[in-house]
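Residue-level listing of the chains:
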Amino acid sequence: MDLAYLVILAPLFAAAITALWGNRLGRKFTHSVTSASVFVALVVSSVLLYKVYILQQAPYYVQMFKWLAISDAIKITIGVHVAPLTTLMMVVVSAVSFCVHIFSIGYMEEDEGYNRFFTYIAFFTFSMLTLVAANNFLQLFIGWEAVGLSSYLLIGFWYSKPSATAASLKAFLVNRVGDMGLVLGVAAIFYTFNTFEFADIFSQIAGDGAQNDINFLGFMISPYEVIAILLFIGAMGKSAQFPLHVWLPDSMEGPTPISALIHAATMVTAGVFMVARLAPVYEQAEFARMFMLTIGTITAISMGFVAIFQYDIKRIVAYSTISQLGYMVIGLGASAYSASIFHLATHAFFKALMFLVAGSVILALHHKQDVRKMGGLRKKMPISFVCAVFAALALVGFPGTSGFFSKELIIEAVQHSGMGEVFYILAMFGVLLTSIYSFRFIFIVFFGKPRMSAEAYDHIHEPAKVVTIPLILLAIPSFLVGALMFNHLILNNALGVAALAQPDNPLAVSISEFSGWGDMLLAVVHHPIALILILVGCGIAWFITRSGEFAEHKSKSVKGILSNGYYLNEIYAVFVVQPVQVIALIAHKAFDNAFIDTVLVNGTAFVIEKSSRLLKKTQTGYVYHYLLAMFIFVVIFGWLAIRSGVTL
Amino acid sequence: MEREIPVFMTLAPEISLLASAAIILLIDLFLKGKQKVISYWLSVIALLIAMIITVITQIAVDDVVLSGTYKVDIFGVVLKTTILFIVAGVFIYSRTYLEVRELLRGEFFILAIMGTLGMMILIAAHSLITIYLGIELLSLSMYAMVVYCREKHSSIESGIKYFIMGAVASGVLLFGMSLIYGVAGSLNIFEIREALLSTKPIPLAVPFGLVLMIIGVAFKFGAVPFHMWVPDVYHGSATVVGLYVGTAPKVAAFALAMRLLVEGFGAIHTQWADIFIVLAILSSVVGNLVAITQNNIKRMLGYSAVAHIGFILMGFVTGETDVTNGYLSSMFYVIVYSIMAAGAFGIVIFLSDRGFESGEIDDFKGLRSRNRWVAFIMLLIMLSMAGMPGTAGFYAKFLIIQSLVDANMIWLAILFVVFAVVGAFYYLRIIKCMYFDNAYKEALPDSRFEFRILLGVNGIVILGFGIFPDGVISLCKMALF
Amino acid sequence: MIENIIFYVISAVTIGSALTTIFARKSVYAIIGMVLAFFSAATLWILLNAEFLAMILIVVYVGAVMVLFLFVVMMTDADTVQNNISKFFIVILSIPTIAFLFELILVTSKTSFKVVDGGGSFDIKSIGTALFTDYVLATEVAAVILLVAIIAAITLPDIKPAKRPEPDFDSELANKANRLRMVAMNSSETEADQ
Amino acid sequence: MIELKDVLALSSILFAFGIAGVILHRRNLVRLLMCVELILLAVNINFVAFSNSLADISGQIFVFFILTIAAAESAVGLAMIITLYREYKTVDLDKLTELRE
Amino acid sequence: MSQFPLLSILIFLPVVTGVILCLMSEGRKKALFSIALAGGVLTLVLSVYLWCQFDTGSASLQFIERFSWISKLNIEYFLGVDGISVPLILLSTITTIVILLTADRTTENYNLYLGLFLMLEGVLIGVFSAQDSILFYLFWELSLVPLLLLIGIWGGENRKYAAIKFFLYTFLGSVLMLIALIYLGSNSDTFAIADLTVKGIPQFYQQMLFLFFLIAFAIKIPMWPVHTWLPDAHVQAPTGGSVILAAVMLKLGGYGLLRFNLPLFAGLSEGFALFIIVLSLIAIVYISFVALSQNDMKSLIAYSSIAHMGFVTLGLFVIFLFKPFDAATAAMGVNGAVFQMVSHGLISAALFLAVGYLYKLTGTKKIKDFGGIARKAPVFSTFFVFFAFANVALPGTSGFVGEFLVIIASFRANFLIALVSALTMVLGASYTLFMIKRVVFGCDTGKAVAMVKDIGVIDKYVYGLLAALVLLLGLSPSIIIDVFQPVVERIIKLAI
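Residue numbers (the numbering used here), protein chains in the order written: chain A, 1 to 648; chain B, 1 to 481; chain C, 1 to 194; chain D, 1 to 101; chain E, 1 to 496.
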């Protein structure tokens, strides 16, 4: 029995126990059990990471049970794949999850669904760890959908709120669109490789690269491209890439710890993780990478713009998350898988931190989220303020922070990817946007005059320790982890990404001159563009927030369009939702009810009945009618007999 | 197996029945009022005695007696026994009905027994004369019965209509017989067959005369387009008469067709099979379709009878070939049908036993809660008529379809099963009324003991034949070979 | 030769009297036509060596059945029922009639029936012998049929229309009026529509 | 010698007329019954003619029975007519349309 | 072979219990319930015993009972089970127990109600274990009668129409099958299913026979466009009726396809495959759209059933489009289809049970009458949501396995087929979760919400049992796939 079991099973058992007996055993029991289980997962996954990375053990797989075996040819199992990439993800997930558990003890204190909440997040942690630990597509998919389910349940946690249930439904459905791509991608994988196992797939790619093309709607396309694009569609849903990102801002209807855990740190990065996990496949699919680069860039830039014009504290962070996810996808597109994972990890910490800060502000303001009603909070909530600044600095990639290393690497990789200069410029431009919305967030919330009643302002205070401690716990890695990881993840290629070993890999090119994180930091001196952009952004942010007055954006103005996220929701409503409803109605009323049932089925009955009534008329009651009919048939039959008789 | 018996003995069942009828007629004269029930009991006993005598005297005999006018064989034994049994059942079902209407008198039973005698003669007839006389004895008794039991005008109306059409049909049948006689030079069925086999080419008068005879037979069956009397008689006459007319005479009609057409003209089967196809299709289509929109249960049963006749005739279409025997299917079907029809009419009688003339399908509403046993047996009968497996009606249809399939007449099989589905609708309607609708009347009074027993037996027979049809099938097989 | 002439005359008379039977305005005339037809038929039968049957025909039919008809015509005022036959109906009817006639003539003329030279002549004795030997069963059955006819003829007009049984409590709830209402609500139409 | 075919033609004419007459007399029951007698007469002529030409007695026997039965049938039919008349006060068939759809 | 007539007992025990119940008087409800439950539980136990004794690795028939029955017609009393029958038999017994436990005691004619369900159970077991085609037909048809009565007597407002429609629709299909059975029986000189053969039948007639079988089974499944009886039947049926209809009756169609169409008509299925696949895809997509616009929960689930059953036909016939043929993938497709049958049986049963529970409390099934019942009935809502997600085919639940395998298999046939069938992931989620959102979540808006209360102990165990089974099959589908896999492989060999 390997320890690795515990990573998955501990949160599962915690969730199961609290689900079944949570209400009976009380809140304290619930949060202790779930937090402890996640802590166990954290410890075990750290041990595993230590084993495979520091002790350099070969990656191995712990099979838990056989899920399905068909025809002896296909065997699908559930288990834990212990390798650097997966264990790193496990550590990140369980660490953030642990902080969120602790934070939630304070944050959810007054909520009546307390136990339910902990059950859900424990279940989520289990699902996410399952996803991460997968060594085959089926387990990945199980985890993938399970996190979707937890996300659905948690967004709709306050189910009495119509907007929350709507948002949860939306999140699930939009994700499902992506999942469709994922399933098809899995099908394509199976079609091409006849297996679901990652290792088998990779070895087949490494062995004999040539595979039959797939008939993709009439076009014969390389299977790698088909697989890569289909899988990426799945990733787009989960990682909120344009145009499937619309669910993420709405998902802020859920409790804030959830936003931190699921919609910033872990679940949304599942897509990125999957692509990185399948790096060998993507290496064979140039077009797909180009596609990813494009989608990532569009997402990063367009959502950066939108973030600037938000007034809801959580939506600002949400759009910023989408934008950052765009960066990760850019990294994937540029073959800089490690960089993306790196950014994923650092982002997990600082974005979780940012969300928790937002949460603590919201808690302090009694669940008010409108930044126009905030301001000047830095004096009242110093810890939160400091953490927010840390988070913002990391977010914009201020040199030295964790965000700096990860993001800078992605931008570098784009520059060297050879996919076109325009992507590099746009990526740089994204830094400016990031800077603007991050500092705007700081300024608008913590600086300036308080924009609420004086009485309310007086009552604001820093929340309890269980809230602030996780902030601090997260602030430290947000700031510091970057340098550490740079050395190990990138320079040592701890993840063992094969692509990085290729000398012409963009990431390899961009780090070729560095021997440690210090070199990277020093490089800023030679290439200060990013820093300049950050500072400029800071200035712009100061400029737009200085007045302290924020008018509602006119709906048709550029600002209005941006603040409403390009009206994508409305566009979907008109072009997707309404047509579906109309088709559904037509299908139901016009075709199913009217045509098949009324015309064909009841029509048959009607015809039968009419013919019955018609035939009935022959029974007139007049004997001579009967006799005449008989007579006529006598004649007819007689004639038939004569005709057949003549031929005899 | 064959054994020699005196001629007198071969006629023993008929003689016993006739003698009983005469005795009942005499006894009945001296009975008054309630005592008339003695006639009823005597009639039932007479039928049972005749049945026993039939079995005893004729079981292992295969002989043509009385100068070739009368044939004694297993076929006859089986059908005669069936008929006697059914008629006895008819009497038992009718008792209360007749009593309440003060019709429980000797005449009814005498007429019915005479009709039964006619049927028995028809079954055993082996000469055109005997066939004709059998038909007439049966028909005249039925005409009289229809008019005799009247509690409403429509009884006379239906009787007169039946009479007129029957008379014309008899005339047509006779004309056909005369033509056949002219060609074959004999009235004996056996000699007719021999004559036909020796005559080549077959003269034109044979198919023509045959067609005229078929029309007579079809009229007896009530096949479309010679069916118009069926709904009228079922509907217009008293229910007990409908019960009588709708059951045993169908068996007799089958025997008629077997003796006249199959034994006499089996050699030129292809000649008349086409006519039967037309008759069968028309019967099935018209019967099933028109039955759908009936509101009167008896009228509906009439059309349903027409539809069933379509199936029965189909057995004659395929006839006897190497792979299949349609006659067997028809025989099984007709026996099963008359049992089902007896049950159905018995229940209609049950509903109208004590009071007004039932007959509307709506009267069945909520029968489930009024008397669940009767409702269950009616359910069974309706399912059987619709051809639900597990009931006798299924194997009836099964055999017919099997003959059709074996004879490579798939399209006809399809047509027939499709119309069987159409037919299922009106049986379902009864089920719907009994089980799904709410009762608007109180619980029904219980009927007589023997009635209940008989109804139970009727249901069990339908179920039993549905689960173990082997016995009946072997019986039919024995009868036909 | 003379036989043939007699035959044609008889045929003409038979057909004429048959037409009279059919088309006569008054029932009595029809009966007289009928009687004439029977007489001419009897004549024909004598020509065909069936003297006994010819006698029977006249005795039974003309003597008994036709008289019976006459009685009934008188008893029931049969002539009050007037046939208003439209020309159209006659045309309609004549089509199958002529077709049928054509078929019959075709069949009878095309078929070569067996003919024994000289024909068969049977005296009463042989007929009687046949009746009570070969056809004894038929004779018996005929007797039974006559018995049935007697019973029917006696009982049918004799029996009074059965009185409707007193409705008991159960059927009180569903008397005629009540039932009509139910019929009006009847489900057959709506159901088949569904 | 009388030609068989001629006799058959005569009986055919009577037969067809008989059937037509039955249909034609749609209302008057008594007349209708007369036409039935015509049909039977045609049949009888047939049998007698065949019996003669075949020199076979059975045809004549059949006629004998047909005559008997026809008489019985007439008796029953007329009894019905009387019954009908007593209840309906008419022998009009067109009035008998209670049994119809 | 064991001399103990286990299958006969499985068939006749519930039937006899049902008959006894029908004969009893209605008054003593407790006694009635006990007898019914005793019969049901005993049957369940025996079926579990059957499951345990069943030799999983073998594709051949087991527990054979074979006697001459109607010797004149060559019909035998021939029972036996293979890997496909056993899970379905178990499904029938479980479903019946569930129905008996949740039956409303205030039901009018309680004895008849319970009795009919038991009889239906016996008949359904008969269908799954009959190995003589006429015996099969007998049970097949007999299964209509109890359900006809159940819908007609205890159904909703429009029950009569629905019952008759249900009956006639299926009757029409099955009589055509009867012709086909007789034809085949005559051709093969036996009615034993395994010995039926089409050898010697002209091509045209073979196609016709195939079509007859197809029509019968398509109506039962039901496939588009002969599905319209199902929503009516479901909406009008009493809860138990809906449950058994969805859980077992619909499976008869798929079972029939596996028993007759696939193994008998080798080479012919290929010609019909595209046609059937198109119909299945229409069922999956189009019916999902129809489900989207339903206002009634039951009809929504009914339509969802049609859409889900589309995967069964898709899985069974998509294998004929493989070029080149691949045995492993084909096994996936057919296994997926069979699995889908079992899984859908459990899930739809649970969903109908849930809706029936709401209906019993409030007298309405309209979505708009509800809202926010999660607050009033948290346990019930949890189960309801769980089953809804199973219906959405969430991995981990049994609903996922079948659909997943079928989609994977259909990719080998054509990308487009896989794409269209994968649309169910979105559409299925849409209609199910729309319903969940409006019924379970939200504020207490509906008028019926006030009447909702949480489920009792028995219901908790019933739902728990179903949920456990759904989870078990979802997490370890091998449990049953191993049972029917050998048979499936044999059928595929015969079919190709």
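Think of the hints as simulated: they come from the structure by calculation, not from any bench. A couple of the hints might just be wrong.
Derived lysine to aspartate or glutamate pairs resembling EDC-like cross-links, with alpha carbons at most 16 angstroms apart [unchecked claim]:
#	chain 1	residue 1	chain 2	residue 2
1	C	K110	D	D6
2	A	K617	D	D6
3	C	K110	D	E3
4	C	K125	D	D56
5	A	K75	E	D482
6	E	K366	E	E157
7	A	K589	E	D482
8	A	K616	D	D92
9	C	K114	B	D470
10	C	K26	D	E87
11	C	K114	B	E194
12	A	K610	D	D92
13	A	K616	D	D56
14	D	K89	C	E3
15	E	K72	B	D62
16	E	K376	A	E112
17	A	K617	D	E98
18	D	K5	C	D79
19	C	K114	D	D6
20	B	K152	D	E98
21	C	K114	D	E98
22	C	K114	D	E3
23	E	K360	E	D459
Covered stretches of chain A, as calculated for chain E (at least 3 residues, CB under 8 angstroms) [claimed, not checked]:
#	stretch
24	66-74
25	173-184
26	190-196
27	566-574
28	595-604
Computed from a prediction, not measured in an experiment: that's the story for all the values here. Note that the Cβ used here is the ideal one computed from N, Cα and C, for glycine as well.
Status of each hint after checking the structure:
1. Simply put, K110/C and D6/D have alpha-carbon atoms about 12 angstroms apart, close enough for the 16 angstroms limit, and the pair holds.
2. Between K617/A and D6/D, the direct Cα distance comes to roughly 42 angstroms. Violation of the 16 angstroms bound is thereby established for this hinted pair.
3. The hinted pair formed by K110/C and E3/D meets the criterion: a straight-line CA distance of about 14 angstroms does not exceed 16 angstroms.
4. Distance restraint check for K125/C and D56/D: the Cα-Cα separation of roughly 15 angstroms lies within the 16 angstroms cut-off, and the hinted pair is therefore satisfied.
5. Restraint check: the Cα-Cα separation between K75/A and D482/E comes to about 12 angstroms, which is no more than 16 angstroms; the hinted pair holds.
6. Restraint check for K366/E and E157/E: the C-alpha separation of about 14 angstroms stays at or below 16 angstroms, so the hint holds.
7. As the CA atoms of K589/A and D482/E are separated by approximately 43 angstroms, the hinted pair breaks the 16 angstroms bound.
8. Of the supplied pair hints, the one linking K616/A and D92/D is violated, its CA atoms being roughly 23 angstroms apart against a limit of 16 angstroms.
9. A threshold of 16 angstroms between alpha carbons decides the hint, and for K114/C with D470/B the separation of about 48 angstroms lies outside it, so the pair is violated.
10. A threshold of 16 angstroms between alpha carbons decides the hint, and for K26/C with E87/D the separation of about 24 angstroms lies outside it, so the pair is violated.
11. Under the criterion of a C-alpha separation no larger than 16 angstroms, the hint pairing K114/C with E194/B is consistent with the structure, at around 15 angstroms.
12. Among the hinted pairs, K610/A with D92/D is inconsistent with the structure: their alpha-carbon atoms are about 32 angstroms apart, more than 16 angstroms.
13. Annotation: proposed proximity of K616/A to D56/D is violated, straight-line Cα distance about 48 angstroms (limit 16 angstroms).
14. Between the alpha carbons of K89/D and E3/C the distance comes to roughly 49 angstroms, so the proposed pair goes past 16 angstroms and is violated.
15. Pair hint K72/E plus D62/B does not hold up; C-alpha atoms about 24 angstroms apart against a cutoff of 16 angstroms.
16. A distance of roughly 14 angstroms separates the Cα atoms of K376/E and E112/A; the hinted pair therefore holds under the 16 angstroms criterion.
17. Proposed proximity of K617/A and E98/D is supported: the alpha carbons are some 14 angstroms apart, at most 16 angstroms.
18. For a cut-off of 16 angstroms, the pair hint linking K5/D to D79/C is broken: about 38 angstroms separates their Cα positions.
19. For a cut-off of 16 angstroms, the pair hint linking K114/C to D6/D stands: about 15 angstroms separates their Cα positions.
20. Restraint check for K152/B and E98/D: the C-alpha separation of about 11 angstroms stays at or below 16 angstroms, so the hint holds.
21. Distance check on the hinted pair: K114/C and E98/D sit about 50 angstroms apart at the alpha-carbon level, beyond 16 angstroms; violated.
22. Pair hint K114/C plus E3/D holds up; C-alpha atoms about 12 angstroms apart against a cutoff of 16 angstroms.
23. A C-alpha spacing of about 13 angstroms is found between K360/E and D459/E, which places the hinted pair at or below 16 angstroms, so the restraint holds.
24. Given a C-beta distance limit of less than 8 angstroms, the hint that chain E covers the stretch 66-74 of chain A holds, as 8 residues qualify and 3 suffice.
25. Coverage of the stretch 173-184 of chain A by chain E holds. Counting CB-CB distances below 8 angstroms, 7 residues qualify, and the rule asks for three or more.
26. Residues of the stretch 190-196 of chain A lying with their CB closer than 8 angstroms to a CB of chain E number 3, which satisfies the three-residue condition for coverage.
27. Residues of the stretch 566-574 of chain A lying with their CB closer than 8 angstroms to a CB of chain E number 0, which falls below the three-residue condition for coverage.
28. With 4 residues having a beta carbon nearer than 8 angstroms to a beta carbon of chain E, the stretch 595-604 of chain A meets the requirement of three or more and the stated coverage holds.
Of the numbered hints given earlier, the model fails hints 2, 7, 8, 9, 10, 12, 13, 14, 15, 18, 21, 27; all others are met.
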